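Asker: Chain by chain, the residues run as shown.
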Amino acid sequence: DAKTTQPPSMDCAEGRAANLPCNHSTISGNEYVYWYRQIHSQGPQYIIHGLKNNETNEMASLIITEDRKSSTLILPHATLRDTAVYYCIVRVALGATNKLIFGTGTLLAVQP
Amino acid sequence: SAVISQKPSRDICQRGTSLTIQCQVDSQVTMMFWYRQQPGQSLTLIATANQGSEATYESGFVIDKFPISRPNLTFSTLTVSNMSPEDSSIYLCSVGKTGVHDKIFGPGTRLTVL
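Those protein sequences? They're chains A and B, same order as listed. Our numbering puts the first residue of the first sequence at 1, with every later residue one more than the last. Our numbering puts the first residue of the second sequence at 113, with every later residue one more than the last.
Do not take every clue at face value.
As the list claims (entries may be wrong) - Partial list, derived from the structure: chain A residues whose beta carbon lies under 10 angstroms from chain B: (1) C12; (2) Y34; (3) Y36; (4) S41; (5) P44; (6) N98; (7) K99; (8) L100.
To be verified - Computed, partial: chain A to chain B, Cβ under 8 angstroms: (9) G43; (10) Y46; (11) H49; (12) G50; (13) M59; (14) A60; (15) H77; (16) F102; (17) T104.
Quick caveat, the hints were computed from the structure, so don't treat them as lab data. From a predicted model like this one, the values you see are computed outputs, not experimental measurements. Each residue gets a CB set at the ideal place from its N, CA and C atoms; glycine is no exception.
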């Protein structure tokens, strides 16, 4: 699986968009970008994933650059409850049997 | 999506003892995974629990220290054996289902070893 690089921490004002970057310069053509988050004292939670195209769901948007070497997770209107560690993971498509390997993630602190 | 429960939610144990953590899923799942999260750290995969066969362990983890059972498609246990303070961590169970991209995680078991 390709290695990812994320900033260790970021701040965001409540109500503003939070843009979390992830570098994955060695990504292969068949590898997806997955984002999970872990709110304090809870298990990780799936947010979104994508291959080439930008993706949006009820939680967030995922912007993947054309060369696929980096991506950005966007929380359009951050709330205090979005304070969490966000993990960017690159791997071939997750099936039931595929394990998930976590990096160090970005601690997003949403400020009131 | 699946709902996972873990027992116990937390425990405080003495050095040299063992603790068995249970993971129960409300539906049948193909694979179950066990993770460890040491204080202030990211999650580290311990092993994949295979139904009907031995678990597959990641580098740095061995069966004698972390024996795993998977008697059916909805249940697994992880035992932390001969515990030391370095085993103080949150232990999380995770599951995957065929045709589903994301993984579901349990609430975790917070273990403190004195």
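Asker: Holds or violated: is there a CB of chain B closer than 8 angstroms to the CB of Y46(A)?
Answerer: Holds, about 3 angstroms.
Asker: Let's test the interface hint: is any C-beta of chain B closer than 8 angstroms to that of F102(A)?
Answerer: OK, holds: F102(A) within 8 angstroms of chain B, min 4 angstroms.
Asker: Using the nearest Cβ pair, does K99(A) come within less than 10 angstroms of chain B?
Answerer: Check passed: Cβ of K99(A) comes within 6 angstroms of chain B, closer than 10 angstroms.
Asker: Have a go at the H77(A) hint: is there a Cβ in chain B nearer than 8 angstroms to its own Cβ?
Answerer: violated (23 angstroms)
Asker: For the restraint on P44(A), tell me whether the closest CB of chain B is nearer than 10 angstroms.
Answerer: Where the cut-off is 10 angstroms and the nearest Cβ of chain B is about 5 angstroms from P44(A), the hint holds.
Asker: Hint Y36(A) vs chain B: min CB-CB distance below 10 angstroms?
Answerer: Since chain B brings a Cβ to about 8 angstroms from Y36(A), closer than 10 angstroms, the hint holds.
Asker: Double-check G43(A) for me: the hint is only fine if its C-beta lies closer than 8 angstroms to a C-beta in chain B.
Answerer: Check passed: Cβ of G43(A) comes within 3 angstroms of chain B, closer than 8 angstroms.
Asker: Have a go at the A60(A) hint: is there a Cβ in chain B nearer than 8 angstroms to its own Cβ?
Answerer: For A60(A), the interface hint is violated, since the closest Cβ of chain B sits about 13 angstroms away, which is over 8 angstroms.
Asker: A closest beta-carbon separation below 8 angstroms is what the hint needs, so does G50(A) meet it against chain B?
Answerer: violated (10 angstroms)
Asker: Can C12(A) be said to touch chain B, with a Cβ gap under 10 angstroms?
Answerer: violated (21 angstroms)
Asker: Restraint: L100(A) near chain B, CB-CB cut 10 angstroms. Satisfied or not?
Answerer: Interface hint status for L100(A): holds (5 angstroms vs cutoff 10 angstroms).
Asker: Under 10 angstroms is the threshold here; is the Cβ of N98(A) close enough to any Cβ of chain B for the hint to stand?
Answerer: holds (7 angstroms)
Violated hints for the displayed structure, listed by number in ascending order: 1, 12, 13, 14, 15.
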